[in-house]
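Protein chains: 6
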Amino acid sequence: MATRGLIEYADASAEVRTVYDDIMATRQTDYINNFWKALASDPPTLRRTWESVKQIMAPGALDPAVKEMIYLAVSSTNGCEYCIASHTAAARKAGMTEAMFSELMAVVGMANETNRLAAGYRIEVDERFKT
Amino acid sequence: MATRGLIEYADASAEVRTVYDDIMATRQTDYINNFWKALASDPPTLRRTWESVKQIMAPGALDPAVKEMIYLAVSSTNGCEYCIASHTAAARKAGMTEAMFSELMAVVGMANETNRLAAGYRIEVDERFKT
Amino acid sequence: MATRGLIEYADASAEVRTVYDDIMATRQTDYINNFWKALASDPPTLRRTWESVKQIMAPGALDPAVKEMIYLAVSSTNGCEYCIASHTAAARKAGMTEAMFSELMAVVGMANETNRLAAGYRIEVDERFKT
Amino acid sequence: MATRGLIEYADASAEVRTVYDDIMATRQTDYINNFWKALASDPPTLRRTWESVKQIMAPGALDPAVKEMIYLAVSSTNGCEYCIASHTAAARKAGMTEAMFSELMAVVGMANETNRLAAGYRIEVDERFKT
Amino acid sequence: MATRGLIEYADASAEVRTVYDDIMATRQTDYINNFWKALASDPPTLRRTWESVKQIMAPGALDPAVKEMIYLAVSSTNGCEYCIASHTAAARKAGMTEAMFSELMAVVGMANETNRLAAGYRIEVDERFKT
Amino acid sequence: MATRGLIEYADASAEVRTVYDDIMATRQTDYINNFWKALASDPPTLRRTWESVKQIMAPGALDPAVKEMIYLAVSSTNGCEYCIASHTAAARKAGMTEAMFSELMAVVGMANETNRLAAGYRIEVDERFKT
Numbered sequence: 048m049a050t051r052g053l054i055e056y057a058d059a060s061a062e063v064r065t066v067y068d069d070i071m072a073t074r075q076t077d078y079i080n081n082f083w084k085a086l087a088s089d090p091p092t093l094r095r096t097w098e099s100v101k102q103i104m105a106p107g108a109l110d111p112a113v114k115e116m117i118y119l120a121v122s123s124t125n126g127c128e129y130c131i132a133s134h135t136a137a138a139r140k141a142g143m144t145e146a147m148f149s150e151l152m153a154v155v156g157m158a159n160e161t162n163r164l165a166a167g168y169r170i171e172v173d174e175r176f177k178t
Numbered sequence: 048m049a050t051r052g053l054i055e056y057a058d059a060s061a062e063v064r065t066v067y068d069d070i071m072a073t074r075q076t077d078y079i080n081n082f083w084k085a086l087a088s089d090p091p092t093l094r095r096t097w098e099s100v101k102q103i104m105a106p107g108a109l110d111p112a113v114k115e116m117i118y119l120a121v122s123s124t125n126g127c128e129y130c131i132a133s134h135t136a137a138a139r140k141a142g143m144t145e146a147m148f149s150e151l152m153a154v155v156g157m158a159n160e161t162n163r164l165a166a167g168y169r170i171e172v173d174e175r176f177k178t
Numbered sequence: 048m049a050t051r052g053l054i055e056y057a058d059a060s061a062e063v064r065t066v067y068d069d070i071m072a073t074r075q076t077d078y079i080n081n082f083w084k085a086l087a088s089d090p091p092t093l094r095r096t097w098e099s100v101k102q103i104m105a106p107g108a109l110d111p112a113v114k115e116m117i118y119l120a121v122s123s124t125n126g127c128e129y130c131i132a133s134h135t136a137a138a139r140k141a142g143m144t145e146a147m148f149s150e151l152m153a154v155v156g157m158a159n160e161t162n163r164l165a166a167g168y169r170i171e172v173d174e175r176f177k178t
Numbered sequence: 048m049a050t051r052g053l054i055e056y057a058d059a060s061a062e063v064r065t066v067y068d069d070i071m072a073t074r075q076t077d078y079i080n081n082f083w084k085a086l087a088s089d090p091p092t093l094r095r096t097w098e099s100v101k102q103i104m105a106p107g108a109l110d111p112a113v114k115e116m117i118y119l120a121v122s123s124t125n126g127c128e129y130c131i132a133s134h135t136a137a138a139r140k141a142g143m144t145e146a147m148f149s150e151l152m153a154v155v156g157m158a159n160e161t162n163r164l165a166a167g168y169r170i171e172v173d174e175r176f177k178t
Numbered sequence: 048m049a050t051r052g053l054i055e056y057a058d059a060s061a062e063v064r065t066v067y068d069d070i071m072a073t074r075q076t077d078y079i080n081n082f083w084k085a086l087a088s089d090p091p092t093l094r095r096t097w098e099s100v101k102q103i104m105a106p107g108a109l110d111p112a113v114k115e116m117i118y119l120a121v122s123s124t125n126g127c128e129y130c131i132a133s134h135t136a137a138a139r140k141a142g143m144t145e146a147m148f149s150e151l152m153a154v155v156g157m158a159n160e161t162n163r164l165a166a167g168y169r170i171e172v173d174e175r176f177k178t
Numbered sequence: 048m049a050t051r052g053l054i055e056y057a058d059a060s061a062e063v064r065t066v067y068d069d070i071m072a073t074r075q076t077d078y079i080n081n082f083w084k085a086l087a088s089d090p091p092t093l094r095r096t097w098e099s100v101k102q103i104m105a106p107g108a109l110d111p112a113v114k115e116m117i118y119l120a121v122s123s124t125n126g127c128e129y130c131i132a133s134h135t136a137a138a139r140k141a142g143m144t145e146a147m148f149s150e151l152m153a154v155v156g157m158a159n160e161t162n163r164l165a166a167g168y169r170i171e172v173d174e175r176f177k178t
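Listed in order, the protein sequences are those of chains A, B, C, D, E and F. The numbering used here applies: residue 48 is where the first sequence begins, and numbers increase by one. The numbering used here applies: residue 48 is where the second sequence begins, and numbers increase by one. The numbering used here applies: residue 48 is where the third sequence begins, and numbers increase by one. The numbering used here applies: residue 48 is where the fourth sequence begins, and numbers increase by one. The numbering used here applies: residue 48 is where the fifth sequence begins, and numbers increase by one. The numbering used here applies: residue 48 is where the sixth sequence begins, and numbers increase by one.
Just chain A, with the same shape it has in the complex (with noise of 0.2 Å):
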C-alpha cells in the first residue's frame, strides 16, 4: 500500500480534483492512475508536479512518443517498477510499436553499458568534444 495512501476521485478536495480534471482532459482520458491518487496526499505535490509534467511532455520539438520513450528509457536505467509499467502504456498509447520498443531497449542496455567502460576505463574526454 502506498505510503500516504490513494485518493479516489470520490474522495478528492475540489483542489484535488481540479488536478485530476485537467490530467483527464490533457490526456483524453478518464483514468486517474495510481501515481497521481498517491501524489494527491499533498495537495502541493500533486498541482506542483503535474503541471511540470504537463509542460515538460506537451508536443514540441519532440514528439509526444519521442518524449515517452526517454522516459521509458530512463525509468528502465532506473530500475523503477512503476514507471517502466506506466510509460510502456503511455508510449505504446502515444505510438511506439513493439519494433522501436525493442530498438529502444537495445540502446538503454548499450549505453548502460558504455557509460561503465568508460568510467572503468578511466577515459579522458575529446577536446573535441568540450564544445
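These aren't lab readings, by the way, just hints derived from the structure by calculation. Warning: the hint list may mix true and false statements.
Copies of the same chain look alike in the list, so a pair counts if it works inside one copy or between any two.
Unchecked claim - Here are the simulated DSS-like pairs of lysine-lysine, each with C-alpha atoms no more than 25 Å apart in a straight line:
1) Lys177 - Lys140
2) Lys177 - Lys101
3) Lys140 - Lys101
These numbers come from a predicted model, not from an experiment.
Assemble chains B, C, D, E and F onto chain A, guided by the hints.
Below, chains B, C, D, E and F alone, put in the same frame as chain A:
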C-alpha cells in the same frame, strides 16, 4: 590517462585497424575517438563492443537521431561525463537541435524525479499497466 | 525467500543473540526485523553492520529523526524496496510527520532531477563552491 | 563548458532577469550560480525549475538546513560533482556545521551499504512495514 | 508479465531455437530461463546478447565463478531483482559457497558506502593513482 | 579540495595516527592515501570505516585480489572516479593482470546492460531462482 592507454591508428595491429576502418566508414568520419582507442587495448572488447553498437545504432524503427538522444538521456541519468560529451556531439551531428536538447533534458530530469517519488511513496502498479 | 534464510531468535547462536539483544535494547523494541535476521546467517556481517548502524544513527549533532529521514532519502534514491519500507517506519517512530514525509520526498525528487540537469548540461563548478 | 553556454545577467533577456532577480531576492544573495546561468539558455526550463525549487526548499515542516542536507545526501548518492559542491555551500550557509556534515555523510554511506545488502540478500519486507 | 511475452522452445522459430540450443549446450542445461525467453521476442536482441554473454562469461584470465560473482556484485549494486536471483543461482552452480557469498556481499556493501564517502567528501585522486 | 581538508600524518592527533599506523602495517605500505586523510577530519568516521574495510578485505573464502576486483566492479558501476583510480591500483598490487582487468570490465559492462534489459522487459523471476 586511460587505464590501459590509448591505441592510435598508426600503432594499431591489423585486427584493431579493421575495426577502426569500419567505425570510420560507418560513421562517415576520419576520427577515432578516445573510447574506441581505449577499448583497443583489448581487441576482443573493441570488436564486440563496436559490432553491438553498429547493430543497435543503425537506422530502424527509430531514427539515428532518436537513438542518440536516448543514449544521451541514459548517459545523463548515469552521470557519465565521457558519454554525455561524446553523445551530445553525436546527437547534434544526427540532427538534434538546441530546442530538442532542452526538451530532452527536461524529460530526463522529470523522469528521474518521478521515478523516486514512485519509489518513496511506494506506489503499486495499476492492474491495467501490468500487461 | 532471503538468499541465506532468516535466523529467528529461538534458533540463534549465543553470538547472534547478543547482537539481537543489543538491537532490541538500543531501539527499545522486542522486534528483530528481517534485515537483521538475514544478516545473521553470517555473524561477522551482522555484528559489524549493527555496530556501525548503532554508532552512526545515535543522537549527535543531528537528531535521530533527521538521520532516519536522510536514510529514507537515500533509500528512495536507490529504489530499495526493503529499506524504504523499514526506514519509513523508523522515521515515523522517530517523529516524522506526514507533512515532513511529503516535504522530504519533494526534496528527494527535485534533487534527483537537478542532479541530472547539472550532468546533462555539463555545468562547471563555480570557483566559490570549490572550497 | 556548459553544453548551451552560461547566460550572464548583463546578457539576459527580461524574462531571464525576472527569474534571476527572484533567485537573488529569495536567497538573499547577489550571486547567480552556474546552474541557473546554464538553464537560462532555455527560459522555460529555468523558470519551471526555479519555481519548483523555490516551493520545495521553502521553510515548512522541515527546516531549510535539513532540506539542504537531504539535497546533499541525494547528490552524494548520485555522485553529482556540481550539486555536491553547490549544496555543501548552501547547507553550510543554512547552518550545517562540520559535525553535522560528518554525521550526514556517515548516514549516506551506511544507507548506500545496507540498501545493497538488502538487495543482495533478497530480504522480504516485514508485514509490519507494509503500511 | 514480461512486456513482450515469453517465447517457449516449442513455439520458437528456427532462428530462436538455434540460440536456445547454444545456450543449453554451452551451459550444460536443459533449461532456458525467462530472461532469454523474453529477449526472444526480438531475435536480433536475443542473438546479440547471447553472443556477448557467451564470449564474456567464458573461462579466461578469470574463472567462471569469479565472473559470476562480479555479475552478482553489479546486479546487487543496481538492485536488479531478476539478475540477483538468476546470478546467485549461476554463481552457486559455478562454485560459490555460502561463505564466499557473504564475503562478496560485504565487499559490495562497503564499496557502495565508500564510493559515496569519496564523492561527498570531494576527495581528489592521488597523483600516484592517475596512471 | 576535499570538503573537510586532508590531515597529513605530521599534523594528525594520536588517535588518527593510530589508525594511519594500522593501515600502513596492514597494507604493508608507507603511504596514506587521500581517502583516509579526508575521513581523518572526523576521527570516528576514519576509525569505523578502516575497521570495516580491514575486516572485509582480509583474505578469506575469497582472495584479496578477487575482493579488490569486486570493489573495482562496484566502483565502475557507480562511476566513482576516486575509487576507480585507487582500487585499480590496489587490484593491480594484489595481482590483477591487464587481461583480468579487461575481462572484469567486460563483465561489468554486460551486467549493467542485462540488468536494464531485465528491468525494461519486466521479466519475472523464474520459480527455480526464488530459493
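Hints versus structure:
no. : hint            : verdict
1   : Lys177 - Lys140 : between (38 Å within a copy, 15 Å between copies)
2   : Lys177 - Lys101 : between (33 Å within a copy, 24 Å between copies)
3   : Lys140 - Lys101 : within (16 Å within a copy, 29 Å between copies)
The structure meets every hint from the earlier list without exception.
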